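Using the sequences provided together with the hints, build the complete structure.
Per the numbering used here, residue 1 is the first one in the sequence shown, and the count goes up by one each step.
Any given hint could be a false lead.
Derived EDC-like pairs (lysine to aspartate or glutamate); straight-line CA-CA distance at most 16 Å [stated by the list, open to error]:
hint, residue 1, residue 2
1, Lys136, Glu2
2, Lys58, Glu106
3, Lys163, Glu144
4, Lys45, Glu129
Because the hints were derived from the structure by calculation, they are not lab data. All of these numbers come straight from a predicted model, not from anything done at the bench.
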Amino acid sequence: METSIIIGVIVFVLVLAFISIYNGIILMTNKVNEAFSTMDVYLKKRYNLIPNLIQTVKEYMSHEKEILQSLVNARTLATQSTNSENIISSNNEISIGLQKVLLMVEAYPNLKASTNFLELQKELNQIEEDITNARKYYNGSVREYNNYISIFPNLIVADILNKKEKMYFRIEVLERENQEVKF
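Spelled out as C-alpha cells, the structure:
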C-alpha cells in the first residue's frame, strides 16, 4: 500500500514536471514567434521601399544593373518565403545589396542630391534602425529559448516533443566587412 502511494506521488510529480516544462517550451516558442513577427513588420517595410529605391537609382546607375537585379531577386525570395531560415538568409542578402547600392551612390553626385533619393535614404535608415532593434529582441528570445530547451531536464521533454534550437538572425560576414567603393 505504501509503495503504491510512493509510486503514485512520484508519477504525479513527474507528470507535473513534464507539464511545467512543456508549458515553458510553449511560452518560449510563442515569445520567439512574436519577436520574429515584430521583426517581419519592419522587414516588410524594407521590402516595400526597395522598388522605390531601385526605380530612383536606376536612372542614374545604368552600369550597376547586376547589383540592382540581385537586390530584386533577394527581395522576391524573402517575400515568397515562409520558412524563417530562408527569410533570414535572403534578408542578409538584401542588407548586403542595400549597403552596396548606398556605397555606389557616392559615385553619382546628381543622385546623391536628389530630393527623392534623400527621402528614401532617410526612410531606409529609420527602417534599418528598427530592424536592428527588432533583431536584438528576436536574438534575445532565441537565446532564451535555446538555453531553455538545452538544460536538463528540459532537454528530455524538448527531445520528446521534437523541439529543435532556433536560428539566430546573424549579420553575414560580408555585411561586417567594409565594402570597397570602386569608381
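Against the structure, the hints come out as follows:
1. In summary, the hint linking Lys136 to Glu2 is not supported, as the alpha carbons are separated by about 53 Å, beyond the 16 Å threshold.
2. For the proposed pair Lys58 and Glu106, the alpha carbon gap of about 14 Å is at most 16 Å, so the pair holds.
3. With a CA separation close to 14 Å, the supplied pair Lys163 and Glu144 stays within the 16 Å bound.
4. With a CA separation close to 12 Å, the supplied pair Lys45 and Glu129 stays within the 16 Å bound.
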